[in-house]
Amino acid sequence: MHEFTLIRAETDEAAVSALTAHPDARLIAGGTNLVDLMKEGVETPTHLIDINGLGDLDRIEARADGSIMIGALSSNSSVAWNADIQSRFPMISDAILAGATTQLRNMATMGGNLLQKNRCFYYPDHNARCNKREPGSGCDAMDGVNRMCAVLGTSDQCIAAHPSDVCVALRALDAIVHVKGVEGHRAIEFADFHKLPGGTPHVEFDLAHNELITGIEVPGLPFAANSTYLKLRDRTSYAFALVSIAAALKLDGDTVDDVRLAVGSVGTVPWRSAGAEDAMRGAPATAATFSKAAEIFFEGAKPRAGNGFKIELAKRAIVRVMETLKEQAA
Amino acid sequence: MNVNSTVIGKPISRVDGRLKTTGAARYAADHRPVEGRPLHAVLVKSSIASGRITGFDLSALQSMSGFVRFVSHLDGALIRTIKNPVDGAFAAGEEYTPFENDRVHFVGQHIGLVVAQTLEVAEAAAKAVVVDYETSAARIEFADPTAEVRQPDLYNTGEELQVSRGHVEAGLVEAVEIVKATYTTPIEHHNPIEPSATLAVWDGDHLTIYDATQGSVNDKNYVAFGMSVDPKNVRVLNPFIGGGFGCKGFTWPHTLIAAAAARAVEQPVLLVLSRKDMYTSCGHRPYTEQEVTLAADADGVLTATRHRTQSYRSLVGDHVEPCGMTTAMLYQCDNLEVTHSVRVLNRPSGTPLRSPGEAPGTFALESAMDELAEKLGMDPVDLRRRNHTDIDQRNGRKWSSKHLLECYDRGAEKIGWGRRKAPGQWRDGNDLVGLGMATACYPGYRMPTQTRLTLDRDGTLHVGVAVQDIGTGLYTVLAQMVAERFGTSPENVRVLIGDSDLPPGPLAGGSMTTASVAAAVDDGCRALSEKLRARLVDMGHTPGNEPLVIDGGALRSGPLSVPAAEVIPTDVHEIVAEGGSDDTYGFTGGVETDKSFYSFGAIFAEVRIDRDFGIIRVPKMTGVFDVGRVINAKTARSQMLGGMTFGIGMALMEETFIDDKTGRFVNPSLGEYYVPVNADVNEFDVEMLDIPDYDFNPFGARGLGEISNVGASAAIANAVYNATGIRVRHLPIRLDDLLEDLPR
Ligand SMILES: Cc1cc2nc3c(=O)[nH]c(=O)nc-3n(C[C@H](O)[C@H](O)[C@H](O)COP(=O)(O)OP(=O)(O)OC[C@H]3O[C@@H](n4cnc5c(N)ncnc54)[C@H](O)[C@@H]3O)c2cc1C
Ligand code: SF4
Numbered sequence: 001m002h003e004f005t006l007i008r009a010e011t012d013e014a015a016v017s018a019l020t021a022h023p024d025a026r027l028i029a030g031g032t033n034l035v036d037l038m039k040e041g042v043e044t045p046t047h048l049i050d051i052n053g054l055g056d057l058d059r060i061e062a063r064a065d066g067s068i069m070i071g072a073l074s075s076n077s078s079v080a081w082n083a084d085i086q087s088r089f090p091m092i093s094d095a096i097l098a099g100a101t102t103q104l105r106n107m108a109t110m111g112g113n114l115l116q117k118n119r120c121f122y123y124p125d126h127n128a129r130c131n132k133r134e135p136g137s138g139c140d141a142m143d144g145v146n147r148m149c150a151v152l153g154t155s156d157q158c159i160a161a162h163p164s165d166v167c168v169a170l171r172a173l174d175a176i177v178h179v180k181g182v183e184g185h186r187a188i189e190f191a192d193f194h195k196l197p198g199g200t201p202h203v204e205f206d207l208a209h210n211e212l213i214t215g216i217e218v219p220g221l222p223f224a225a226n227s228t229y230l231k232l233r234d235r236t237s238y239a240f241a242l243v244s245i246a247a248a249l250k251l252d253g254d255t256v257d258d259v260r261l262a263v264g265s266v267g268t269v270p271w272r273s274a275g276a277e278d279a280m281r282g283a284p285a286t287a288a289t290f291s292k293a294a295e296i297f298f299e300g301a302k303p304r305a306g307n308g309f310k311i312e313l314a315k316r317a318i319v320r321v322m323e324t325l326k327e328q329a330a
Numbered sequence: 001m002n003v004n005s006t007v008i009g010k011p012i013s014r015v016d017g018r019l020k021t022t023g024a025a026r027y028a029a030d031h032r033p034v035e036g037r038p039l040h041a042v043l044v045k046s047s048i049a050s051g052r053i054t055g056f057d058l059s060a061l062q063s064m065s066g067f068v069r070f071v072s073h074l075d076g077a078l079i080r081t082i083k084n085p086v087d088g089a090f091a092a093g094e095e096y097t098p099f100e101n102d103r104v105h106f107v108g109q110h111i112g113l114v115v116a117q118t119l120e121v122a123e124a125a126a127k128a129v130v131v132d133y134e135t136s137a138a139r140i141e142f143a144d145p146t147a148e149v150r151q152p153d154l155y156n157t158g159e160e161l162q163v164s165r166g167h168v169e170a171g172l173v174e175a176v177e178i179v180k181a182t183y184t185t186p187i188e189h190h191n192p193i194e195p196s197a198t199l200a201v202w203d204g205d206h207l208t209i210y211d212a213t214q215g216s217v218n219d220k221n222y223v224a225f226g227m228s229v230d231p232k233n234v235r236v237l238n239p240f241i242g243g244g245f246g247c248k249g250f251t252w253p254h255t256l257i258a259a260a261a262a263r264a265v266e267q268p269v270l271l272v273l274s275r276k277d278m279y280t281s282c283g284h285r286p287y288t289e290q291e292v293t294l295a296a297d298a299d300g301v302l303t304a305t306r307h308r309t310q311s312y313r314s315l316v317g318d319h320v321e322p323c324g325m326t327t328a329m330l331y332q333c334d335n336l337e338v339t340h341s342v343r344v345l346n347r348p349s350g351t352p353l354r355s356p357g358e359a360p361g362t363f364a365l366e367s368a369m370d371e372l373a374e375k376l377g378m379d380p381v382d383l384r385r386r387n388h389t390d391i392d393q394r395n396g397r398k399w400s401s402k403h404l405l406e407c408y409d410r411g412a413e414k415i416g417w418g419r420r421k422a423p424g425q426w427r428d429g430n431d432l433v434g435l436g437m438a439t440a441c442y443p444g445y446r447m448p449t450q451t452r453l454t455l456d457r458d459g460t461l462h463v464g465v466a467v468q469d470i471g472t473g474l475y476t477v478l479a480q481m482v483a484e485r486f487g488t489s490p491e492n493v494r495v496l497i498g499d500s501d502l503p504p505g506p507l508a509g510g511s512m513t514t515a516s517v518a519a520a521v522d523d524g525c526r527a528l529s530e531k532l533r534a535r536l537v538d539m540g541h542t543p544g545n546e547p548l549v550i551d552g553g554a555l556r557s558g559p560l561s562v563p564a565a566e567v568i569p570t571d572v573h574e575i576v577a578e579g580g581s582d583d584t585y586g587f588t589g590g591v592e593t594d595k596s597f598y599s600f601g602a603i604f605a606e607v608r609i610d611r612d613f614g615i616i617r618v619p620k621m622t623g624v625f626d627v628g629r630v631i632n633a634k635t636a637r638s639q640m641l642g643g644m645t646f647g648i649g650m651a652l653m654e655e656t657f658i659d660d661k662t663g664r665f666v667n668p669s670l671g672e673y674y675v676p677v678n679a680d681v682n683e684f685d686v687e688m689l690d691i692p693d694y695d696f697n698p699f700g701a702r703g704l705g706e707i708s709n710v711g712a713s714a715a716i717a718n719a720v721y722n723a724t725g726i727r728v729r730h731l732p733i734r735l736d737d738l739l740e741d742l743p744r
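Chains as they are written, first to last, in this note's numbering: chain Z, 1 to 330; chain A, 1 to 744.
Relax, there's no trap hidden among the hints.
Ranges between beta-carbon positions, derived for each pair:
#1 Leu641(A) - Gly136(Z): 49 to 57 angstroms
#2 Leu641(A) - Asn127(Z): 36 to 44 angstroms
#3 Thr101(Z) - Thr135(A): 38 to 46 angstroms
Simulated from the structure, these hints should not be mistaken for laboratory data. Backbone N, C-alpha and C fix where the C-beta goes; we use that ideal spot for every residue, glycine too.
For reference, chain A alone in the conformation it holds in the complex (with noise of 0.2 angstroms):
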């Protein structure tokens, strides 16, 4: 590896910049059909929690020109049933077959769909079909007493969501301080701009989706199952995708039910959800309340450590919000125990939203961190630094490559940590003044991958792997990594991802895709090194040790140089080689190791708070992060920026309210869930160390995204404390919970 590359680390703009800013970059509803026009379908819903359909009253329909069907759990057998959300082929984010029964669980559940020759009749078609119900009772509110309560074995990765060790009763014996205290974080939605859309177009039995889809793969492989076809048959084709945060990671009920309608009217159909279906049709963060409890001695070493979770799942979702896996791991204690539970309610199912468990997690963990640290009268990064460990609590394994320390260094020193005052001393003007901090910490995973890597007569390189790019720059990392192989820049390389029939890769989430692409390519790239080699070979040449350099049209090695025209017989157009890896890292069933893989950072906030007002600001966040080999400075800048926007969000706005009586979402529009603007986001100073985890990856990348957002919120929350004094344990933090403590 050639840490001084050309290539690899530069900030290199996206070489999918120009389609995206043109316009000219076609998302899954911009597609049609080869021939002919979609017919457009809309969602029929749920209004009730809780209940049964006893019919559908389609009267007012049939006289609308234009429409064409409505299809329900009435049309019989449209879609195979599917028992199990992960069969070994694919994640699904909810455990029940569409329109298997006539049973409903949440407001908000797809009943039908409708579809019709424009969308506008569609729409009208949808809001005339009257739905009769057979209501029963709903468990909706979070305390309900009557509600189910379950104690799930594992996480969706294979990891201990029930965790104990030592003893915490002897370790609370022991402290000097004990903090403990119970946090909640509310129902968030990922509100990605691109809605979820699938364009299903059947040819025969051979069936092609165009779908908004973190995992093309895994799409393919359960409409394949819900359809009773050949996977060979399905292709799904995602090219650009506008943001999915999470919901748009398993596959969710309206892609099959597209597909089976487009069977059923021997037609194509798009169905793109409204802004409103996405608050119902495709996941959400659960509401959480987490109880954690710290122990420290007067050193403020950490004796014992309790981090309980409950959160909710629906009656057909099995998400958990994996609040308490990071305290399990961060910090040296010997006394711990982890819970986690989950209460089955009538509410829409949850889903993975950006650093699922991570961000709500350490929202608690580093909250109680600091408390914990006022209490003990250390400074909040001291306490940090005395309980830092070089193993990996959970296994004891040594991590691959840790630099945190120096990432709480450079963080202070740059957001000027020496400044801050105790709680509410710091004024200037109306404004009260406070400097808050947080660790941030990611796991690195990694999953099987494989690769084609061809070379064409011009002498340009191609790679081709079913991933695809969710706005995080994978075009542009992609072709760095192979330019780098092949001593080329990267506008030599092709990408060629979002698309099904591409040899298998993961699908984008768990921030992994750059790091599970980058053994992939590497073998790739050998496997095309050594074709091409032998090919020179054939031909009569020598080449020489040194690694083989496709620039200019030419192939060269050492002094010999022969022109990609001339390697590549006429006949053949280009040659190919298939190279990958089969290693998984980070979940159950993964590569035997005696290292442990996570990546590290610090994040501190700056906040101004009104005296009288409580309004909140964030002029300044630093963020300090030890992820391994950064592949383009520019790319993973802008994902550290979009996570801590993130954070920003999370801290001081989002949340989805719900109705406690009826089960409904009472905001689900972007005018009223609101997320930072512009003018709430001001100075970001990001930091990467850079420092390459080899042990992870050819590459050294552990790959980025989520992290950034992980301890945003609690920094800021822990910077709120300090400006005020006020300690609010609930997120959103918002000026009402200032109000009356403020320190005027």
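This is chain Z alone, in the form it adopts within the complex (with noise of 0.2 angstroms):
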């Protein structure tokens, strides 16, 4: 039976040198997508260090500058009805809604979205070849059930899609991650946070074993204000996302002054594309634009088999979002 050792934390300090003294640690804290990898064998840690007794670390600081600070142990559902975030950052609020269930949402700490894990049908099958689990074993979503899979930012090594909700939106909204470590305090800009899967699809964010989220910066965008996120999935609720997209957009007039957009379920992780967006910056807010600047996010795109209508399914959505944003901002 696999056992492991349960440390309480009660210090930041303390959890960064359990970490340390211990290389197959594991920090828990919702618990919600590590217990269920642990049930599946694919988490397999000696000890856990429990950090939910952290102090502060829950709190979400809406500063006079027009940026939130998250505390990475805020539940999901906290940061989504939080009034500061609905209205500064509608597009966060919605991703997290759209997002797993109440109960999950209740439980899920934003440090623990951030690391959630892909949902590559194969990536928990100990049968199947997975080079994210197992590097170097080969990947079976490659040619085989690959509909949930991502078309860009793929290797011939992996094309898992990158699947939470509110990262796409941390993503357009160029958060900071704070982390802390055995050196002291470090802030890791949003878009280096997840890594491209290249040659090292189990290396998969900016962090140390020994590191600990402490908390999400959200920078001040007025604009942002005028956001959204839309979910596009097989069924209503509890499932995880074909396409989305988080967008903000500021009008000057009829011309597009400032944008942001970010396509989630599409990359192997949260997706931006500067092309698109600049695409879009001073250019009349028509459909025409919106439909280039889709056309600019996908080209490059690689499709599978099975994932193929993505792209086309994507592009849509983004003319449809950045239209009702376009409706709202007037």
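Bring the two chains, given one by one in their own frames, into a single complex with the hints.
Here you go:
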């Protein structure tokens, strides 16, 4: 039987030093992802370090400069229903509420959400080949059931799509991940936090084993008050996205003044395209502009047998969302 | 029969509702042996699709504290060889004996069992078993050209699977319009919320089993045979079952394995299947490929019908998905050919899943009818009316009671069929809106059933029969039937079911329990009534001809009223009578009759489809059903709601993926096997015609349940066509099937 030792960390430093002391330890927050994977035998930690007792990490602090600091232990629900989040960054609230179920969102933390594992069918199946779970073993999704897989940022090693909803919004908003390690504090741009699979699909984050996420900072962005999140999926609730869109729009008359756009479940990480956003800035806020941006967004996309539809679906979703934001802005 | 009954047909809440909602109802895995703790067991399953087991390396297990024993085929004859799945006394899901030999026929086959002090140790030990195999070539792909193809003659009901009448070719020549198309349905799993579970407790050569089974008597006989003990020594208890949908119908290897292991370790053993185990341990609905040809003259009269079904079976299970059986019966057509073939593959075994044959079969047939109506320029409801028949097309008999035309009328009215527009023409904002319909039908089945009726000194009635309530409401329905016969309220009746020691009844399948117990309860009540009258006469009373009423602790007949405590002598405590019926209907060897028994209905669906994304929603479904007398309006309606929800799942979501190279199911979990969530289910409008069928049994009930998902997927598929002009001939229908061709 796989046994593990449970350690209750009282301070950030204690959590970090416990991680440092035990190379096969894992932090446990809400446990909604980790415990599932432990049951499947994919995660086999020798030590579980419970961080739920860490004092201030569940705070949500709306600052005067328009930014919000979200403690890593804030539950997904508490963030979604936070009045400042709802008014400053509605796309964050929309994204969280489009995910999982009420019960899960109550348990799940923001730090855990950033680190959630992918939902590729083959990842938890020990009888399947999976480079992410077992480096060098192969990838059964490549020619298998890959309808949910990514079309952007893939490699010949792994095509798993990043499954998180809220990370798509955080990517659009250029959030900053704050972590604590033995050497102290570090801040990581959201764009750098999730790693492309490349030749090392098992390396997923810019995060050392002994680093603790303490908070997620969402920089002030006034026009994000006009933002939204659209999730398209196979049933109305309790399903991961086929395609999702997080976007914010600012108009200057009939022209796009500024825009943010990230697309979920199409990339191996939450996806942004500078080219697509640049193409919209300063252009007339028309379907033609949005459509052109959508084309640019998916330049270089590489579909597999089962997931090509995501490209067309996402393009249409981008146009729909931008049109909605345009109406809202007017 | 009192049609104005105060009991029959009323929407009475479940008598077991409180137990269920408070968690007091105990399911198989909740039970514990009277003495001591059970050992926990976990299955070891094959990871290859074909080959032999050459050895087990158990070295890691020996050192595990709490590990008790590993059993496998190497233990010799733990289980008696079962040659045939149906030897009259029982039906098993597979025609092989677990642990019989070293052969592996599919991924997920049970090849060993770990028994340990705790579940956690058993799980760890099962993972630590290293199995050595010698693999051989496996046939997994459906189209594998080397796979053996069989054309079985009979379905397990005894019905013909290869049917031919008239001349199809001649009928095709007569036609002005012909539809010929191939429809496919995916692998589907039952996924009841309660996984299968067995607690096996031996006491000498007596065995008690708490089993999540849809058939306690069947289970008892199968286990007794496999354990080489007298069936009298085996007792199966299944007072509550958390759904089955067919996967707990026949008995599967795990029950026998648990019983064998408990005997081997001389301690009670509890085996609860994991969700993943459920995918390869107790059947699924196999993939089907159905070629349907419908030919009609200019008036829409069918001149030829052909329905060729191909599916597959495992090497050890003989299930055939009988898709064409409905086609052979439903519409008037003199020239018809129905065939079924199965390819023998290294895949886990199939088994009946809610409306086996009817559900996938009507997807094909009723989609083809819609295509034909379109070609003829006819309204789909009119086409069905045009081909309506009062004669069972298979045997020329009249239907005992058929009111399908009324179902079409009521359904069309309720859904607002008149709103329907030409394909792709109905727009509302971003939505494309469509209406579709299909005929529903399901056979009337009845099996021999015995009952025991008891009156105790309090004046309480007891009814006992070895049937089971799989969540459908049978406890309540039985109480109502007995209450009706004795003019009392259901609260005055205690229902004993879920125990194979009770007088035997059928397994809960084929929507037949209500119809089967109806005749038995009627006879049991008659027998009890006679005994009680005789007793009253013995006591010097003269009961009149009025029916005997038992209410308020007294027996009454006309002006006569005698307290039950007086009627029943103190030394006796109760008066017991047995009754029943040996009649079978709907299966071969049944009662000779000049009638045919079937339930009918019409299902209508409205869909709304996002014109850019192809996301399909079902805002409304209407079902109108002719199922004979409804015993309980509330539980009956719940069955129909459940069935129509199944229909949405089948039409739009459910699918098990198989890896064609390895033979593994890829998404064996409720997280990845999608069924509808609450938000997918909107308005359901259900109506029952409630016309009694007294030719079928004394309560006039034909039974219900499965009929409500027959036709449902076709109604939705036809509505999708009406909304978009896109004909999707496979299930489930997802947005990616529509995306390219949506009329934006
Ligand atoms: C059935 C189901 C459906 C779901 N559906 C969706 C969905 O639709 N959309 C969606 O976005 N998500 C969905 N999720 C995923 C869910 O959002 C995540 O499971 C959850 O956010 C993880 O948070 P947690 O606190 O429970 O993490 P845990 O399970 O506790 O931890 C996850 C990982 O993060 C690490 N970790 C946690 N906190 C920290 C920290 N502060 N610093 C460093 N490491 C840390 C842990 O060591 C572990 O490796 C679903 C999950 C389930 C089980
Ligand atoms: S896509 Fe990635 S996660 Fe999926 S099987 Fe391949 S390597 Fe594993």
